[in-house]
Amino acid sequence: MAIKAIIKTGKYYDSVALMIMAQKINRLHESLNSAVVMATTENKSILKNAGLYLDEFEKTTDADLIIVAEASDQQIIKKAMDKADELLCAFDKSSNDSVDFLPKSLEGAIEQMPQANLALISVAGKYATSEAKKALANGLNVMLFSDNVSLEDEIELKKIGAKKGLLVMGPDCGTAIINGVPLAFANVVNRGNIGVVAASGTGLQSVTTLISNNGGGISQAVGTGGRDIKEQVGGTTFLQALAMLKSDPNTEVILLVSKPPHPSVLDKIGALVKTIDKKVVALFLGASSEQVESLGMIAADTLEEAAYLALEHCGKFSEAALCDFKANKLAEFEGLQQTVIQLSRQLKPQQKYLRALFSGGTYSYEAQLLASSYLPDLYSAAPVEGVNKLKDVHRSEKHTIIDLGEDEFTAGRPHPMIDFSLRNQRIIQEAQDPSVAVILLDLVLGHGANLSPLDELVPTIEKAQDLCKQQSRLLPIICSVTGTDNDPQIKAQVVTALTKLQVVVAPSNAKALKLALSVLKGGK
Amino acid sequence: MNNLFDSPLNVVNIGLKSFHETLTKAGVSSVQVDWKPPVEIDHTLKDKIDNYKGEINKANQQALERVLNSKPSLVGMDIAKNVIPGMQDNLILHSGPPITWEKMCGPMRGGVMAALIYEGMASDEQTAIALAASGKIKFAPCHHHSTVGPMAGIVSASMPVFIIENEEYKNRAYCTMNEGLGKVLRYGAYGADVIKKLKWMESDLYPALKRAIAKLKKIDLKNIIAQALHMGDEVHNRNRAGTSLLYRQLAPAIVQTTDNSSVVAEVLSFINGNDHFFLNLSMPACKASLDAARGVKNSSLVTVMSRNGTEFGIQLSATGDEWFTAEAPVPDALFFPGYSKEDANPDIGDSSITETNGLGGFAIAASPAIVQFVGGTTSDAINYTLAMYEISIAENNMYQIPYLNFRGTPTGIDVIKVVEKNVLPFIDTGVAHKKPGIGQVGAGVLSAPMDPFKKAYTGFADKL
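Residue numbers (the numbering used here), protein chains in the order written: chain A, 1 to 524; chain B, 1 to 464.
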């Protein structure tokens, strides 16, 4: 193997732009392993782990750009370096094309837009706190997309925000819909009278799209970041957002989504809910319904149920319409169930196991909760109670549910909602395993997600199906699609294309899991 | 109560550009920040500065007011040792922060040699070098003597100088006459023709100008600079309009006060033939204005940015005469045919006093004729000026940029903003050959180095 690197000084590129560049470079040749990164300490350690570290990187600093490529011969490396140059030039050009002046700082931006009321911050975690502080000091609400922000910083920022009456959404807040505007990774949903507070990004996307696709609409959807409901943070943002929805005249029903909050936080939520003269539906994934109901909330067990309960209470359905709606949903599901039972009858006896490969963390969590009581031999990289931990996250055991958005998988590459390559490899890996009975997937659409999901997923599914066909096996694939027809990827088109491939497209993650369980049961 | 839900969303996007693009496509008002990682600074310093924000802002307003209220006028000429405070026969002034003969770059050494030959203290290159190295000659920055000089900035005792008075605060600044382009002392040339020209300037040009200025009593430089900006100068790399405006005032007075018509013709055609003649007036005009803002307690205003071809140094209002220095960078430039960056000396000259006063690179949007130096399009030039507002304390009340709806030029560099925003002052500059005796090889632009500003930030915080 040959390896070569170029170091460029004095230029800064955001990490996503660079990761997409590296992805494009790696596609040039199978043997090619390349990285394009700013020379931060973190990135250098990633390079070390990837075997792409050279001594000449020792003296580089945060402000340097490293391009490194390893391949079977020099010719390929040269191609990779040329491609890197081409991509960087194209990026510079697209940045310089705008004649519009870009302010160099938050203060400069505010001077340009004095009415600014929200800062959307997605710079690397170690810089994010100080940008967020500046935003708060200038009276802006903050959506902190960045991760790797310390818990201490989060607590401090939220204290400042609460004192000033400003929202601090995040850190690690991937999605929100404010005043009908999808922010960061969000779907284009109808506006309406359901207000959402979610400490879960996938959860927020899931309920907002389900509501929108089934005749309802969203007034506001506030993401809080996953740690907000922990004891130390105290649910600061969650409670602030809930209070804002309480007094928002356009919100009639409130929907709360998170993992179970810390008891002290749950108490505070309950106390606030008692003062709210609106229906509050709550999905605290894994919490007991009695506890939630005792605090004056309507308890839901799954994301799908949460969405439907919110719809049910939003006053948009007449009772008759609601009955029809439920009946239709039932009919739709029964149809799908028939399909999977048909499929399961064609399985070989050794095809016994579920392999669920998620890109949405909450989907993985929800699926584990739903499956754990049925599947004793269930494994995961991030197991919930009652689920076994995988010895090697890259190798499935028996029934396996994994979230490819976990840190173990994403180091140095874009999130699996953007970059499908790792999950595609894993799909092929599972397809080669004769003990697999069904593959369960999610596909999340919307802004920020991969804009051409079919281009990546369809060839992979076809290849997986071919592999199984060669071994005279059938491989049922079940997939839920999170999105709307107004999303840039257009949900209906995606569903049609997947259905054409004999993929069973489920209306929700919970239904997809149920269908998968049906495959397992029917196959016995 | 937070009214976010009741008001239209207006987003400042810091980070992933795609978020901004999505918002813009959806018709949501969004501003993308051209973000860079910040300079690493000691947090205790930043906290201290943050605690003093109120005092610092007040001090900066006060310092800046003094810059803006300044009224620099050309009031006369004289020989350096007669007027420059502390000037002596064995003293040679140079540009930039203090430096020894040993550490001087090629062009500055060449300039020193030219001055020693000009003063009759040395007869040739060899004797000049020996004398300069002997310790008998003292060197000091122009800035220590209320003086500024372009490029090598060499001033010796018998050189004629312009006298600029700040009529508001009565402080004065001094500068030699501009020799024109080509092989000239300020770029380190010291040949016979260089000395011959300097001697003519002393014998013919200086007396004629001195008489004319005396007749006019004064020439309002602030007024000429303001007009020149409207006519396409930024008064650093382009001084064509300023020179023309000056010429219109001087010409009748020269004709009236100099009898010898061939001298009149020579003097007028010399000024007419040198587009940079006004540079040696715009610089001391800026110097006189900024010196008025020296020594304001708690002010982080930059009063000097200057280079000696080896080091780049700055001074702040609150820290007085203390220099904060680091290695001078080599400019990106357009080179004269036959030369390249290989030949270029690191940045040199006091002329960045114009940027310190919100002109030059800070006002490049006013000067479309020289956008070749900054990437070739007017929008490049405009974006450079717009970026400089981010590190400036205020907008000028007198100097304006027509293209920006006559917005005042970004004036008064704040070292805190430079460091905390990681936005560096943008400087127009000429480029000298790194060897003595050759002269100018190009012109271009550069960003100031960060280190002097980081050091000044520390020095400033320590003094709070």
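Calculated directly from the structure, the hints in this document are not laboratory data.
Beta carbons: idealized from backbone N, C-alpha and C, even for Gly.
One or more hints might be untrue.
Calculated from the model, a selection of chain B residues having no Cβ within reach of chain A, i.e. all distances over 10 Å [as the list claims (entries may be wrong)]:
{"no.": "1", "residue": "Lys17"}
{"no.": "2", "residue": "Lys36"}
{"no.": "3", "residue": "Pro37"}
{"no.": "4", "residue": "Lys71"}
{"no.": "5", "residue": "Pro207"}
{"no.": "6", "residue": "Ala387"}
{"no.": "7", "residue": "Lys421"}
If the Cβ cut is set under 10 Å, some of the chain B residues that face chain A in the computed set are [to be verified]:
{"no.": "8", "residue": "Leu9"}
{"no.": "9", "residue": "Ser261"}
{"no.": "10", "residue": "Val264"}
Short, incomplete list of chain A residues facing chain B, as computed with Cβ under 8 Å [claimed, not checked]:
{"no.": "11", "residue": "Leu28"}
{"no.": "12", "residue": "Ser31"}
{"no.": "13", "residue": "Leu65"}
{"no.": "14", "residue": "Met113"}
{"no.": "15", "residue": "Ala119"}
{"no.": "16", "residue": "Ser122"}
* Which numbered hints does this structure break? -> 1, 2, 3, 6, 7, 9, 10, 11, 12, 13
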